[in-house]
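*Asks:* Kindly produce the complete structure, drawing on both the sequences and the hints.
2 protein chains.
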Amino acid sequence: MLSLSIQNCLRSRIGSRGIAPAEIGKYRSNLESARGSLESRRKSGRLGFFELPYNEGEAGRMEAAAREWKGRYDNFVVIGIGGSALGNIALQSALRHPNWNLLSAKERRGGLRLFVPDNVDPNLIRGLLDALDVKKTVFNVVSKSGTTAECLANYFILRRELERKAGKDAAKKQIVFTTDPEKGYLREVSRREGIPAFDIPANVGGRFSVLSPVGLLSAAATGISVKELLRGARTMAERCRTSPVLKDPASLYALVHHIYMKKGSPIHVMMPYSHQLRDMADWFRQLWAESLGKKLDRKGGQVFAGPTPVKALGVTDQHSQVQLYMEGPHDKVITFLSVKDFGGDVAIPARDGHYLGGKSLARLFKAEERATIAALSSQGRPNLAITLPKVTEESVGELIFMLELSTAIMGELMDINAFDQPGVEQGKLLTYALMGRKGFGHHLKSFRKWL
Amino acid sequence: MLSLSIQNCLRSRIGSRGIAPAEIGKYRSNLESARGSLESRRKSGRLGFFELPYNEGEAGRMEAAAREWKGRYDNFVVIGIGGSALGNIALQSALRHPNWNLLSAKERRGGLRLFVPDNVDPNLIRGLLDALDVKKTVFNVVSKSGTTAECLANYFILRRELERKAGKDAAKKQIVFTTDPEKGYLREVSRREGIPAFDIPANVGGRFSVLSPVGLLSAAATGISVKELLRGARTMAERCRTSPVLKDPASLYALVHHIYMKKGSPIHVMMPYSHQLRDMADWFRQLWAESLGKKLDRKGGQVFAGPTPVKALGVTDQHSQVQLYMEGPHDKVITFLSVKDFGGDVAIPARDGHYLGGKSLARLFKAEERATIAALSSQGRPNLAITLPKVTEESVGELIFMLELSTAIMGELMDINAFDQPGVEQGKLLTYALMGRKGFGHHLKSFRKWL
Chain A
16 MLSLSIQNCL
26 RSRIGSRGIA
36 PAEIGKYRSN
46 LESARGSLES
56 RRKSGRLGFF
66 ELPYNEGEAG
76 RMEAAAREWK
86 GRYDNFVVIG
96 IGGSALGNIA
106 LQSALRHPNW
116 NLLSAKERRG
126 GLRLFVPDNV
136 DPNLIRGLLD
146 ALDVKKTVFN
156 VVSKSGTTAE
166 CLANYFILRR
176 ELERKAGKDA
186 AKKQIVFTTD
196 PEKGYLREVS
206 RREGIPAFDI
216 PANVGGRFSV
226 LSPVGLLSAA
236 ATGISVKELL
246 RGARTMAERC
256 RTSPVLKDPA
266 SLYALVHHIY
276 MKKGSPIHVM
286 MPYSHQLRDM
296 ADWFRQLWAE
306 SLGKKLDRKG
316 GQVFAGPTPV
326 KALGVTDQHS
336 QVQLYMEGPH
346 DKVITFLSVK
356 DFGGDVAIPA
366 RDGHYLGGKS
376 LARLFKAEER
386 ATIAALSSQG
396 RPNLAITLPK
406 VTEESVGELI
416 FMLELSTAIM
426 GELMDINAFD
436 QPGVEQGKLL
446 TYALMGRKGF
456 GHHLKSFRKW
466 L
Chain B
16 MLSLSIQNCL
26 RSRIGSRGIA
36 PAEIGKYRSN
46 LESARGSLES
56 RRKSGRLGFF
66 ELPYNEGEAG
76 RMEAAAREWK
86 GRYDNFVVIG
96 IGGSALGNIA
106 LQSALRHPNW
116 NLLSAKERRG
126 GLRLFVPDNV
136 DPNLIRGLLD
146 ALDVKKTVFN
156 VVSKSGTTAE
166 CLANYFILRR
176 ELERKAGKDA
186 AKKQIVFTTD
196 PEKGYLREVS
206 RREGIPAFDI
216 PANVGGRFSV
226 LSPVGLLSAA
236 ATGISVKELL
246 RGARTMAERC
256 RTSPVLKDPA
266 SLYALVHHIY
276 MKKGSPIHVM
286 MPYSHQLRDM
296 ADWFRQLWAE
306 SLGKKLDRKG
316 GQVFAGPTPV
326 KALGVTDQHS
336 QVQLYMEGPH
346 DKVITFLSVK
356 DFGGDVAIPA
366 RDGHYLGGKS
376 LARLFKAEER
386 ATIAALSSQG
396 RPNLAITLPK
406 VTEESVGELI
416 FMLELSTAIM
426 GELMDINAFD
436 QPGVEQGKLL
446 TYALMGRKGF
456 GHHLKSFRKW
466 L
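Protein sequences, first through last, are from chains A and B.
Following this note's numbering, the numbering of the first sequence begins with 16 at its first residue and continues without gaps.
Following this note's numbering, the numbering of the second sequence begins with 16 at its first residue and continues without gaps.
Bear in mind the hints are in silico, worked out from the structure with no lab data behind them.
Worth double-checking, as some hints may not be accurate.
Since the list gives no way to pick one copy over another, a pair counts as held whenever it fits inside one copy or between any two copies.
[Unchecked claim] Listed below are the simulated DSSO-like cross-link pairs for lysine-lysine, each with C-alpha atoms no more than 27 Å apart in a straight line:
hint, residue 1, residue 2
1, 188, 85
2, 41, 277
3, 262, 405
4, 453, 374
5, 374, 460
6, 381, 453
7, 262, 355
8, 150, 85
9, 381, 464
10, 262, 278
11, 180, 121
Keep in mind it's a predicted model, so treat the numbers as computed, not measured.
*Replies:* Written out as structure tokens, the structure is:
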């Protein structure tokens, strides 16, 4: 079971920059109201991400689709961006081989290679077409609204390429949509043309959607057990619901960060000591930044609030960022993602009587982690540890659900709406106008001086 | 030629959070002393990074080595970390195909595939061995001191694997060191065993070493023109030396960030609108953080200074971080890396009368960039643009040198030593102790409570 330690945020461990236990106790009722408020919105069906771990029927349908593709196709391309790409990438690097796309089909046990072209740089898409045999590829177009410009542009391009090389009928077999169950362009096309589609529940927002078909269909295609992921998420959901708030890891994780924001440390670093978990930090970056970066609080007051999440990686960033974390401003809280069992080790052979000979990589990796934590703590730098017994579907499911719930609780503590994103609207309107979409030209008017 | 625009940091463009032109003028003499002080240290041979662009002889030797490998080997593995890995990765993604390692030897025109295992997670190294035929691989071990634990551990493991599969003699042909010209473990081994070695000049620090064999040998191996890279760097070096300080892009770039740090914006985002330049932001992150994150100023006073660099990517992070940048705290300065010519485009085909049909990816990509810049500027969010005419060896060389010089100037403005890293020493000592290195055990004593 995943565990959270906040020891190195306490005064007893890191001195005056630590939190006194009484400070934590003061927030008990705030946390209880936060959890209560989320629970009542869950019950009224407004927070769909709570329900995703329980949708085993959908997991079965995805695994059945993956079985159909296995052996028949080589590649799976996710055409999505943001919340429709970050979770897919994170699951893949956490749970598949580090050089997955270079392995043979046999080594992949029939799991498809995965590509997630989450940008519209022409070089990226041309490069994708060079590397893919489209006749052996399944394309998963992921957009809840069916209006995401980046997603549709890449879809139009890749669909034409597919039809050119594999014929008009290929679309029905090799394209699958993941979109709103009722409305939007992709749903219409699905109905009209008979292209299969999975649902994104209407009450699930993009950045909370990794445990829906958005994140799980590609996972199933590469051979990850989506049922185990959901089981892990359920374990965490039950644990957070039934624990006292000050023992609930999601609440405690939010609270510590909330207290440090008030203390003037708004930069929240996530630093996995696991190469496999490196992209979980990118997924978390979206969740934390887009949910909590808000101009207005819920009463409409201007607050310009929001922590800045930062991705780092152990040990790699010891050679890049740790100098700053050790000696720079006291404006950071660091979360280490720690792993107990790497599922295998590599012996370091003896050579020239060097002290590393006869040790192992896992021992070195853990020694560096412990040394970095001790060094930072000794300088009064607050840090938390989330420990996974091992990187498995189950523990990754636990981690995902804990961080989603924690984000929601943080929104309550900050008194902002963690589920909208009004700040990206203006950019979208201007993009439509610049692309010549009808009825949007007038948006350019007041922006002339910057365009 | 590369250009820098600071327009969207000026009061006339972004209102009260902008800089008044007079504020910039006030710093002219500070910048002149900064440049003068660096120039005198360059002349006395203490700042070797200034000289790297002029070392064309070394460039010739690297290109000759690469010609030897071409056709004979398939893979090039850089065994390094931090400053011995980030530049290599950045050059490769900027200047080679996005799916380089998946292309055939013919498509790569004999350039080697590149792997940079810059971590000691056992899964990463096991995964590397699964994907590589070591008999067809050149291993480049990069460590200036020859003491970097991560580098040596991976070297010992990979060398044994090579000797097992290709025999004892393979080391002399398939291993090449990049290290101090005179001293250290790797230099000794090179002398004793006849393993070829390239030099890291003694006066060049790790994070300023990308234009030495540290970053350039792997570039040459994949077919990047190192001479063109150096030519670009020289163009920038001359330009910065001969321009008035307020027209010199390196000085101006540092100054704007310095002013914003004083205004309370210590988070410095680098956001390329070029998928190819995404890893330049990671390389810059080390340069900026490790150089400028310092506890002491040059008089020994405690300052706990240093900006926090953040990597973002256009358009991808519009769907992740831009909500925070638009609406969150006024604590950020954003640098866009902008590219004029993508060297090719992809047409978006017409479909269902959609407005994107008939446009192109490059147009969409640029529209999103312009829209994001306009939207952020309209909210008083300061942003700069570094524009490359096209991503080529020459323009990347210009960019690298500009950012290195800017970092050095920033150190002068902040009155800190930009060339040391005392904050990582403690972690290293503790790691040695935990790994059982003789004579280091006593370092554990005062850290017991955190270990």
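*Asks:* Against this structure, judge whether each hint is valid.
*Replies:* Going through the hints against the structure:
1. 188 - 85: Intra 13 Å, inter 42 Å, cutoff 27 Å: intra-copy only.
2. 41 - 277: within (14 Å within a copy, 35 Å between copies)
3. 262 - 405: within (22 Å within a copy, 54 Å between copies)
4. 453 - 374: Close across copies (14 Å), not inside one copy (66 Å); limit 27 Å.
5. 374 - 460: For residue 374 and residue 460, the Cα distance is within 27 Å only across copies (22 Å; inside one copy 66 Å).
6. 381 - 453: between (58 Å within a copy, 19 Å between copies)
7. 262 - 355: within (22 Å within a copy, 53 Å between copies)
8. 150 - 85: The answer is within: 14 Å in one copy meets 27 Å, while 32 Å across copies does not.
9. 381 - 464: between (53 Å within a copy, 17 Å between copies)
10. 262 - 278: So residue 262 and residue 278 pass the 27 Å test inside one copy only (22 Å; across, 40 Å).
11. 180 - 121: Close inside one copy (26 Å) and across copies (23 Å); limit 27 Å.
The structure fails none of the hints (numbered hints given earlier).
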